[in-house]
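Whenever a hint applies, use it, and build me the whole structure from the sequences.
Protein chains in written order, with the UniProt record's numbering: chain A, 1 to 262; chain Y, 1 to 262; chain U, 1 to 262; chain H, 1 to 262.
These are computed hints drawn from the structure, not numbers from a lab.
There may be inaccurate statements among the hints.
A pair counts as met if it fits within one copy or between any two copies, since identical chains are not told apart.
The list that follows gives simulated cross-link-like pairs (lysine-lysine, DSS-like), each with its CA atoms no further than 30 Å apart [to be verified]:
no., residue 1, residue 2
1, LYS125, LYS64
2, LYS125, LYS223
3, LYS252, LYS76
4, LYS64, LYS76
5, LYS64, LYS261
6, LYS261, LYS39
7, LYS196, LYS64
Quantities reported herein were computed from a predicted structural model and do not represent experimental measurements.
4 protein chains.
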Amino acid sequence: MWLRVSCDFAFDVESPTPFIVMLRPRSGAEQWIERDEFKIAPNMSIIEFTDGYGNLCQRFVAPKGELTIYTTSDVKTSEFVDVNFGAPFVEIQHLPNDVLCYLLPSRYCESDRFNDLANTITVNKIPGYQQVQAIEDWLRYTISYIPGSSVYPTSAIEVNQKGSGVCRDLAHLGIALCRSLSIPARMVVGYLHNLKPMDMHAWFEAYVGGRWYVFDATQTGVKGGYVSVGYGLDAADVAIFNQFGPVVHTLKQHVTVTQIKN
Amino acid sequence: MWLRVSCDFAFDVESPTPFIVMLRPRSGAEQWIERDEFKIAPNMSIIEFTDGYGNLCQRFVAPKGELTIYTTSDVKTSEFVDVNFGAPFVEIQHLPNDVLCYLLPSRYCESDRFNDLANTITVNKIPGYQQVQAIEDWLRYTISYIPGSSVYPTSAIEVNQKGSGVCRDLAHLGIALCRSLSIPARMVVGYLHNLKPMDMHAWFEAYVGGRWYVFDATQTGVKGGYVSVGYGLDAADVAIFNQFGPVVHTLKQHVTVTQIKN
Amino acid sequence: MWLRVSCDFAFDVESPTPFIVMLRPRSGAEQWIERDEFKIAPNMSIIEFTDGYGNLCQRFVAPKGELTIYTTSDVKTSEFVDVNFGAPFVEIQHLPNDVLCYLLPSRYCESDRFNDLANTITVNKIPGYQQVQAIEDWLRYTISYIPGSSVYPTSAIEVNQKGSGVCRDLAHLGIALCRSLSIPARMVVGYLHNLKPMDMHAWFEAYVGGRWYVFDATQTGVKGGYVSVGYGLDAADVAIFNQFGPVVHTLKQHVTVTQIKN
Amino acid sequence: MWLRVSCDFAFDVESPTPFIVMLRPRSGAEQWIERDEFKIAPNMSIIEFTDGYGNLCQRFVAPKGELTIYTTSDVKTSEFVDVNFGAPFVEIQHLPNDVLCYLLPSRYCESDRFNDLANTITVNKIPGYQQVQAIEDWLRYTISYIPGSSVYPTSAIEVNQKGSGVCRDLAHLGIALCRSLSIPARMVVGYLHNLKPMDMHAWFEAYVGGRWYVFDATQTGVKGGYVSVGYGLDAADVAIFNQFGPVVHTLKQHVTVTQIKN
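Here you go:
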């Protein structure tokens, strides 16, 4: 399916402020970017670079005043995410070198503290996809998904204690549980077609059967329409904005996803 | 200045043919890509990757029939290229690691055979920018620039013997001469505003005074309006199309560059 | 100064166990490896790779039985680490792209929770080296350095609450405090000449004045004799051993550092 | 088999001269470096870096006087190189991204000029390993291998005209022929057990059946005992020494390869 995605953001910047932005999707294994637009005002010098996870980022110093960022892309993505109940656990020694880092605990995914819970959730499951499926199901029925309920990222331990969270929070807990079973898992931020309420979204991917699969405990049914803009260990790596210095007031944050072709 | 550049290509493909394409400009030190569109028909699976020089490339297998590729970008680039007669030669030991490869001889730039000529051309010049300027001037007055005069890349030795060539040929000879003086030099392909006749273009960059500078013996005066789509050692690395298998007939090749804003 | 460093480890492996090891130092800006030996028994297939931080790692599956790893290197390193009280804070927009990741919070360095404490510790200090020096001094006088007091990594928040820790713990807190002030900081594990008791060691580096400087709150005076074997965001990235599966009993762990030449 | 390899070089340097050296073997898919020593005198500042092909290189400025480089390694390598007559040609669209560059023509391998000869040599051969085998056989019976017969690299075209060459020359022609058939091929320099006369050696690898295979037209029979120190497109990339400036006189060049264990 072909989606047109866009972000329309405006900020009130009180003093010159360095920004790092991650909002420009790239073509990859699961999506093709046919058209892409990225407009920042006022006119300023922008440096684009690729971070250690392969994400396209922009750096600039926003001057005092209103800052607007408008980005839109036309993206070909799958109508249904791939599901493969038979995808087996990949033994550590057979993981590709560049997947190994997704086994490590990270800021918001303290996987070193979740081994007991993960074993309980996945008891009697065949190692691999079915374990991750059990984790996703457990999240869906145990952690209440409440969009807008948190502003700052919370960690897997905190989410588990609180019992509720935003999309990012559920992803953090899902990732921590997977990694505690030695299943590589990573955070993804991006867009999702028909997300309600519409906003930027976060989900996770797990590496089983020799490739990455999408999991999203905030949704039901086997839906597709995902567009990735950033990958990383957790929300620390894939902040769509990192802004340094005094608080910046958000004046507008408007996200759209529209299907333009089959 | 803001330029809108575009390529509109059509080919007649007689049997399924693998292609590797390098036609999608990236934001970099000297240009910012605000808008980008890349359309290929018929609909097929495309893999986008970054090559060893940082260029964005697309791979696909074109089926039998007509293949069209249309790409366009809105690019902010300099109205005048930087000129710095005082930029000194950088001693080998002070070159960045990733610049060293641009000292090596390559397929079409046999720099290991040009030391005498380079010394003659640059006699009494201050090492650095002024040597490269002397090389550019020598090319301009010695090698006739005849657009359309060659189809396949010719090497620096061949160009020097022939005394004429297309933009790519002049760049090859300029690069070979620079490298023979231990000045790193690289090939660039892309667009140039007001190029006559309009087509894809090629020029070279030399590393002096701690950065890359643009040189183009096919043009006179200090003009800007360059948009890069690929960098490499020579035309072997920066072919805008690499096609494998039987000959593919070009049905259309239309390039435009228009100024859209100051 | 020239140091001969070595590790002599033995483990009792109960069932075939995948290992990832980070114990082979590399030549770098601050050290030159003249000689290097890395012996693993029994004989097995080993894959060596470079991780995302540039560390040299080895992967293998240890069979049931005794596993021994012996590694030794002759290393040229500085007799005194560089100290530069005048090294200024580097504004975010001037940091190199590949240093930016060291600003992010990580598993054991929750820098997003330390802004108040960092400001208190560094009040009236000139931004840059002097802030980091104040953090190191504060650590030295506030957190008791008790070698052997913890086995598993503890995070900056936990260390701050506990008031004591091993070298790794002090480094975690130092890193979190630096990052909360937007000073890039990274974890280093390796060897230190004359460390008492002798063991593998951990310290941190902060990026000020355009380069990395060594800080180590466990030592007093301006000493050198550091040999790095791994860099990363925190102990999650720079574990000298990652072992997957059932517990492995350590039979021997013997570390030596000897000066062999001036 | 376990080999102890060593280089013992001495040069008379007339004025301070920048060097780039590629003589330190790395562990890889086909070899494991257990011990490694790299000694340069006089004492000077050395920077070690990894080039674009993954080779470990050292940069330094040799002062006036005698320069000695001594390097030795203990290496586990195969007693027999892998042979697989059934390894098929890999279609372009199935080659890994990072193998694609080995299809391109390069300084000393003008593969764009060898299509007719390659087709003649490999007529009726099954695409893949058997084509490369035919090329190796053709080289062995057509191009006389005369160690020491050339000092500077010569290109595939020149070697083909001359009908004789050193190991490097035969490799260049073999690589050019493979690439002209769209088979990725790369140059390797290193050591070979029982090479006569003993010296540094060069051979080539071709990518068929999903991996690299060793080919060496200078040897007969299926031997092993290869130790790689550098990979690249051709001799331009894998010079064991690149020295910039006035001629440096070689005083000693002594290479040894000894079997130390089975």
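Which hint numbers doesn't this structure obey?
Hint check: 7 fails alone, others pass.
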